[in-house]
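Student: With chain A held as given, fit chain B onto it using these hints.
Here is what each chain is made of, one letter per residue.
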Amino acid sequence: MRHRPVADVSHLPTYDFGAASPMWWGTLAFIALEATGFALAIGTYFYLAVLAKHWPIGAPAPDLLPGTTILIMLLASVVPNHLVELWARRQDLTKVRIGIVIMSIAGILPLIVRIWEFPALRISWDQNAYGSIVWFLLGLHTSHLLTDVMDTIVLAVLMFTQKGKAGRRLSDVSDNAFYWDFVVVSWVVLYLIIYWVPRI
Amino acid sequence: MSGIAGKAVGQKQEKGLKGIRDTGLEEARLHAFLAHAWQTPKGLYGWLVTVDHKLIGRRYMVTAFLFLVLAGLSALAMRFQLATPEAGHIGPDFYNQLFTMHGTTMMFLFAVPIMEAFAIYLVPLMIGTRNVAFPRLNAFSYWVYLSGGLMIWIAFAFDTGADAGWFSYVPVAGPEYGIGKRPDFWAQMVTYTEVSALAVAVEIIATVFKQRAPGMTLDRIPLYVWSVLIMAFVILFAMPAVMVSSTMLILDRLVGTKFFDPAAGGDVLLWQHLFWFFGHPEVYIIFIPATGFVSAILPTFVRRPVFGYLGIVLSLIAIGLLSFGLWVHHMFATGLPQLGESFFTASSMMIAIPSGIQIFCWIAAIWGGRPIFATPMLFVLGFIFTFVIGGLTGVMVASVPLDLQVHDTYFVVAHLHYVLIGGAVFPLLGAVYYWFPKITGRMLSERLGRWNFWLVFIGFNLTFFPMHILGLQGMPRRVYTYPPASGWGEMNLFVSVSSLVVFAGFALFFLNVLLSLRGGSIAGDNPWGASTLEWATTSPPPSYDFSRLPVVRHREPLWDEPDTLPVVEGLRVDAREVLASTVADAVPQLRQPSAGNSIWPLLSAIAVGGAFLGSIYTPWAVVWGAIPVSISFICWFWPKGEPEDEE
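Heads up: the protein sequence lines correspond to chains A and B, in order. Start counting the first sequence at 1; every next residue gets the next number (the working numbering). Start counting the second sequence at 1; every next residue gets the next number (the working numbering).
Keep in mind that the hints were calculated from the coordinates and are not lab data. Hints should not be assumed to be uniformly reliable.
Here are the computed lysine-lysine pairs in the DSS-like style, where the Cα-Cα straight-line distance is at most 30 Å [as the list claims (entries may be wrong)]:
id, chain 1, residue 1, chain 2, residue 2
1, A, K95, B, K640
2, B, K42, A, K165
3, A, K163, B, K181
4, B, K42, A, K95
5, B, K42, B, K640
6, B, K181, A, K95
7, A, K165, B, K640
8, B, K18, B, K640
9, A, K95, A, K163
10, A, K95, A, K165
Since the model is a prediction, treat every value here as computed from it, not as a measurement.
Pulled out of the complex, with its shape left as it was, chain A reads as follows (with noise of 0.2 Å):
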């Protein structure tokens, strides 16, 4: 088939940020995805939860301390997140190395104080369907979170390399930082739940 030109692209640029690039559709995809399930585990909690004679089953509300500590710690880290999302999008890289080794202590700390976290739950997750559906919640936000954090530090210490001036890994840097804020909107709405609805 003969072949006729009408368009020439050739100043097109070769990297953008937020809806013009594939891989933010392709993260908003997976985040649409991954809400699904969190939703279908919260919707498996208010099933049993209405099944239920009493609820929470045989054990008393979780200790607030360490969720609440690290909802103050999320709800924090989504100011700095914002900057270096800012920062990507201006491509300054100083501040995007710098922006994003501070993401990554902000992704560590809450891990650390997850540690106490499932013991607070105050039930293990064999004991009855309560601590089973408690646990895993708080399972499914620690692999998002875990994940999340360890794609930030590979993202950081790619952006000290020679590869991370590359203006394509600022995209990247700005669609770790969308994923980010899922990471702490589901937690938002976790910890609710979590903690709040057996108070109610």
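Tutor: Structure of chain B alone, referenced to chain A:
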């Protein structure tokens, strides 16, 4: 490469532009550069590292059809056992494994993957790009799918085949009654295949949203591409349900959680809710792309655009949305509140409306066109006939009183096979006849094709129609035998003999494929005179799909301009590059680099598969398995100094 690059130095290149561009490049050089940039290495290594969507799509097709053969043979074995009353060929335990493996394989390892396979192969070609949005994720998805399928069939070979039905209901599959590791293999097979399907869904969404040819606005997207886009969204929101539930099942079995244990506050119906929240949309994950096949094949063989484009798109979206509101109709016999049952009856019946709109649009297109009855078209007509019957019995079982009568009988077996074989397999076979020339460069035999169609169509109806009657007579599903006094013997014998006709039809299909691979007549670029972009390139397409990326100005681009293809210029030819465009209007935004070959998707799939497999036996496999998984993912994503990083 240096030789080719050396020659190109003399090519006229604009100052300040990085890389070698296709602007004004003569055809031979253009092809040489692109072939080099997009090549898959030869031999085993190339086979392991390729990220070419066509090779991966083909691989998915071959694998899915092999699983179809395995599932088909298990069905034949069951029909052998059921041909006469109180036959002793197969015992109850093995029979349980057979029907479970049949259903599980057909749904998880054949039907969904084969639909994804066609999407992976066709979508980039139909929207005018060179690969899917995340090529390595695509390669990874195949390896994960393959390992999941192999795992459950190897387990079956060692008498550890899943045996609690394709839905693996608790408590039968739970810690108390589930035998050995059988349900665990089922649960982890689900994890593998769902990871794979979700990966494909994500890449299809990103590809269709962002990589459409300039000018392919939302109302110019081929209907087949619309259908797989909606399929991808249904996967995205349905599959997490079965991942969550199968994880809970394996946790109940492995570490003693109590999700489904009523004695400790759990609930067995929770499993059914979660499973069917996935399980019903699953039917539409299979059916929606099948209707896409019909909407792609039909216009070509009636020589006119499909009737009611907008109506069909809106119907597809409506079916996708409604598919999430039907799951409870699988649970009418569980004693749910009447108000809930009424709601789900209404929503189940409602889905007949968009399905009906599509059927009327197709009939109108046939009515207003000049039908050519080639094999793909025969399968489309066979689909319309069969699916209408399956749809009608669907409306019947959506009604609670009727459902309670026929629940767990052969009436439901008949209904679901009319919907799934009639609704999905017929269009699929039509699709194979339609796109085989594009994929292989050769035509399938029309003569064998007609025999194939009539054998499958007649054999199918003779096999499954009597099952409606058997069901109404009270014959239950999932029983390994029945007494002579039941009076079901003669009809069962008739069904079993008829199933051999279906078998012969499929044998002919595979024979046709094998013979035509070598001896089929040469197809040419566009043997059917079709209108969509995949026919604008060679058959089979080159590794880079199109030498210059097309621009779209019409919904039927090749009918609008049959001899010339409007194209863009200015893309790099010394590196893998595609165009990213805006979501609604497909205005070019980026010259997007496309990932090259890599071994890491395979190694990551091995690491992930190892962790899943180990977790059948010990929860620590997840912890220790996380180490190789993390290493392989980091190596996968770490940039390796490819040309894309230059800019």
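Student: All the hints need checking, so say for each whether the structure fits it.
Tutor: Here's how the hints hold up against the structure:
no.: 1; hint: A:K95 - B:K640; result: holds (24 Å)
no.: 2; hint: B:K42 - A:K165; result: violated (34 Å)
no.: 3; hint: A:K163 - B:K181; result: violated (47 Å)
no.: 4; hint: B:K42 - A:K95; result: violated (45 Å)
no.: 5; hint: B:K42 - B:K640; result: holds (21 Å)
no.: 6; hint: B:K181 - A:K95; result: violated (53 Å)
no.: 7; hint: A:K165 - B:K640; result: holds (13 Å)
no.: 8; hint: B:K18 - B:K640; result: holds (19 Å)
no.: 9; hint: A:K95 - A:K163; result: holds (17 Å)
no.: 10; hint: A:K95 - A:K165; result: holds (13 Å)
Checked against the numbered hints given earlier, the structure breaks hints 2, 3, 4, 6 and satisfies all the rest.
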